[in-house]
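Participant: If you read the sequence shown in our numbering, its first letter stands for residue 1, the second for the next number, and so on.
Since the hints were made in silico from the structure, they are not lab data. It cannot be assumed that every hint is accurate.
BS3-like cross-link-like pairs, simulated, lysine-lysine; straight-line CA separation at most 30 Å [stated by the list, open to error]: (1) Lys32 <-> Lys180; (2) Lys152 <-> Lys32; (3) Lys164 <-> Lys258; (4) Lys152 <-> Lys180; (5) Lys180 <-> Lys164.
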Amino acid sequence: MLSYQHGYHAGNAADLHKHIVLAELLARLTAKPRGITYLETHAGRGLYDLTAPEALKTGEAAAGIARVAVPPDSPYGRALAETRARHGRQAYPGSPLIARLLTRAQDRLALMELHPAEHAALRAALAGEGVAIHHRDGREGALALAPFTPRKGLVLIDPSYEVKSEYADTAGFARRLIGKWPQATVLVWYPLLPAGRHAELLAGLAPLPHRIDEVRFEPAPARGMTGSGLVLLNAPHGAEAAFAAAHGATAGLLVPMKRAPR
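Turn these sequences into a full structure, and let the hints guide you.
Facilitator: Below, the structure written as structure tokens:
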């Protein structure tokens with residue numbers, strides 16, 4: 001599980017789905033003065049160079065972020081513009097950097113990353129006041145430290161799903177985390193693959209009230225991921241607008257798939 005490095009996939013269509021929804025949720029949760037905690041279990045390096053050999057090898061950013069005109073006044077648009085202003089036009093913010101750019105002095109970030117090289121890069125990109133960066137397994141670390149202060153929070157669970165058992169494990173972890181930290185909103189990302197193993201994840205989360213947003217990629221890839229899914233637990237008011245924002249910003253690239261809300 002330490003073989004995965006997101007640099008090969010940064011800025012792809014699935015990233016856009018996940019990151020736009022994440023930015024919209026952060027904007028809603030930080031609209032009031034009360035501080036929040038942002039927790040990420042699989043943080044990656046936080047900042048990516050789309051001209052790096054890894055990104056150029058797959059070409060996924062060219063099929064993703066390069067095809068989208070992001071509204072500049074949107075939460076995601078502001079985070080993207082700030083990243084490019086600081087690091088160059090080909091810089092791309094991972095979810096930890098998006099969270100850092102959209103949170104405030106009263107908010108706290110807790111970022112978990114187990115891969116040694118990714119953890120080192122994450123520290124170089126995001127270390128600072130209000131940001132706790134942990135070199136440990138994200139599930140173990142989150143359960144050991146929860147509940148966090150401030151108690152109001154947003155959690156992104158974004159594993160690689162390289163191991164088949166991660167689907168069931170992720171569902172079980174999310175249930176346990178909410179049991180320990182009921183004030184947290186939890187966003188779980190998953191890939192849509194021909195094997196359909198995400199059904200195991202959704203079945204494991206079914207006992208909890210949740211909302212699902214799935215999109216398919218256009219044009220359909222010849223192999224691999226055909227789309228991207230998000231499950232939102234403990235959804236804040238206005239969560240449906242976060243999904244709608246992602247659909248609107250990526251029209252022609254991400255096609256919403258109809259699902260009944262739960």
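Participant: Now, for every hint given, state plainly whether the structure supports it.
Facilitator: How the hints compare with the structure:
| no. | hint | result |
| --- | --- | --- |
| 1 | Lys32 <-> Lys180 | holds, 24 Å |
| 2 | Lys152 <-> Lys32 | holds, 11 Å |
| 3 | Lys164 <-> Lys258 | holds, 26 Å |
| 4 | Lys152 <-> Lys180 | holds, 13 Å |
| 5 | Lys180 <-> Lys164 | holds, 26 Å |
Of the numbered hints given earlier, the model fails none.
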